[in-house]
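A.B. asks: Let the hints inform the model, and build the full structure from the sequences given.
Number of protein chains: 2
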Amino acid sequence: MPLDHALLVALAERPASGLELAHRFSRSIGYFWSATHQQIYRTLARMDDDGWLVSHTVEQQGKPAKRVYEVADEGHRVLATWLAEPADPHPLRSDLAVKMRGASFGDRAQVLDVVRTALAEHHARLAHYRYLMSRDYPDPSTLSGLERDQHLVLRGGILMEDAWVAWLTEYLEAHA
Amino acid sequence: MPLDHALLVALAERPASGLELAHRFSRSIGYFWSATHQQIYRTLARMDDDGWLVSHTVEQQGKPAKRVYEVADEGHRVLATWLAEPADPHPLRSDLAVKMRGASFGDRAQVLDVVRTALAEHHARLAHYRYLMSRDYPDPSTLSGLERDQHLVLRGGILMEDAWVAWLTEYLEAHA
DNA sequence: CGACCCTATGCAACGAGTTGCATGCCGATG
DNA sequence: CATCGGCATGCAACTCGTTGCATAGGGTCG
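First to last, the protein sequences are chains A and B.
At position 132 of the first sequence the residue is numbered 131 (numbering that gives the first Met the number 0), and the sequence of numbers has no breaks.
At position 155 of the second sequence the residue is numbered 154 (numbering that gives the first Met the number 0), and the sequence of numbers has no breaks.
Hints in this document: simulated from the structure, not taken from any laboratory.
By construction, the Cβ of each residue, glycine as well, lies at the ideal position given by its N, Cα and C atoms.
Please note that the accuracy of each hint is not assured.
To give an idea of the interface, some chain A residues facing chain B are shown, with a C-beta separation under 8 Å as derived from the structure [claimed, not checked]:
{"no.": "1", "residue": "F31"}
{"no.": "2", "residue": "D106"}
{"no.": "3", "residue": "Q109"}
{"no.": "4", "residue": "L145"}
{"no.": "5", "residue": "R147"}
C.D. replies: So, in structure tokens, the structure goes:
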């Protein structure tokens, strides 16, 4: 599984410590890729062992020292190779879809509540993405390279959330 | 992870053997939820042990006997309870999104090829979903209960694939 | 009839992801 | 000053998912 590669991309964008990565993954990146700090620490240690990364400790004032990782030459090679490989798209894997499909085997009113809660969540995410979009990329036509790609991935998040909102809204209307 | 519950829904719709479920999961259901036969066999055995299912062997002509599972009372209780619980939506977990974001750290032309391949795949899925839609639900307004839910989930698949196609198309156009 | 594929089930081993907990230091709050 | 929360890292145990392989019967094609 390419948590390795997601971390390589994140570290290629900017070197960071384990906890900083955990924060990034629960913010901007994390809307597209989740990971706990455990997983991140373990994976960083392994990639360091394998020579994909180099690390050094950084002393801080008023905080414990942190271990900052950056991508080594070997890591850049691994990343470039992986980027050129075909990506197999895996399906939704969504609890909610299973619940919607199975609603007639339980209390339908309760399932509709679950769907309403999920819809509110997706609305909130969509609003947050739009906020990030206007804050970070007010003028998309001027972007290039890394920033353009980041912008386009955020754009994908918006399209996905739009689709979720449309879907759940349709579901609720059909059961109104 | 709710492979358990996905199987309960599938078996509540219609009792089946392990292999039949594996086939269903690689066809209609599998577009929204993938599972290998291994996983299915193991999970069925555990659910049977736990009393969620009852099973009996069915002799066949010209084929080995199969073990058909159906949902027991306990399984129906578990399913109804689970259906009423809130569902936490987890994010994309998409290799492709990571590759698009990291494209500037590799050979961009190759990444664009990867994206083109994925786009073709999503186009194909979309066409297949539309085919299933017109074949199985030619007149959606007349549906009710289970069939209506199945229809709405397929509809969700179409909306998701639409979003993917739009996203990848935008990405390719931005890098044209 | 031998090779091969399909049905049908399953074991074993591994890798990935989750959960709970532990450590140690610092700063702030009461 | 004692406690609590945040920073920073990590161990251990568990579950979930994947991969490779095994078995055993039957059908088909050259």
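A.B. asks: Hint check: is the beta carbon of R147/A less than 8 Å from a beta carbon of chain B?
C.D. replies: Hint holds; R147/A Cβ to chain B Cβ min 7 Å, cut 8 Å.
A.B. asks: Minimum Cβ distance from Q109/A to chain B below 8 Å?
C.D. replies: For Q109/A, the interface hint holds, since the closest Cβ of chain B sits about 4 Å away, which is under 8 Å.
A.B. asks: Could you check if F31/A really has its C-beta closer than 8 Å to a C-beta on chain B?
C.D. replies: The hint holds - F31/A has a Cβ within 8 Å of chain B, the shortest such distance being about 5 Å.
A.B. asks: Was the hint right that D106/A lines chain B, CB cutoff 8 Å?
C.D. replies: holds, 6 Å
A.B. asks: L145/A was flagged as interface toward chain B. Is the shortest Cβ-Cβ separation under 8 Å?
C.D. replies: At about 5 Å, which falls below the 8 Å cut-off, the nearest Cβ of chain B leaves the hint on L145/A intact, so it holds.
The structure is consistent with each of the numbered hints, conforming to all of them.
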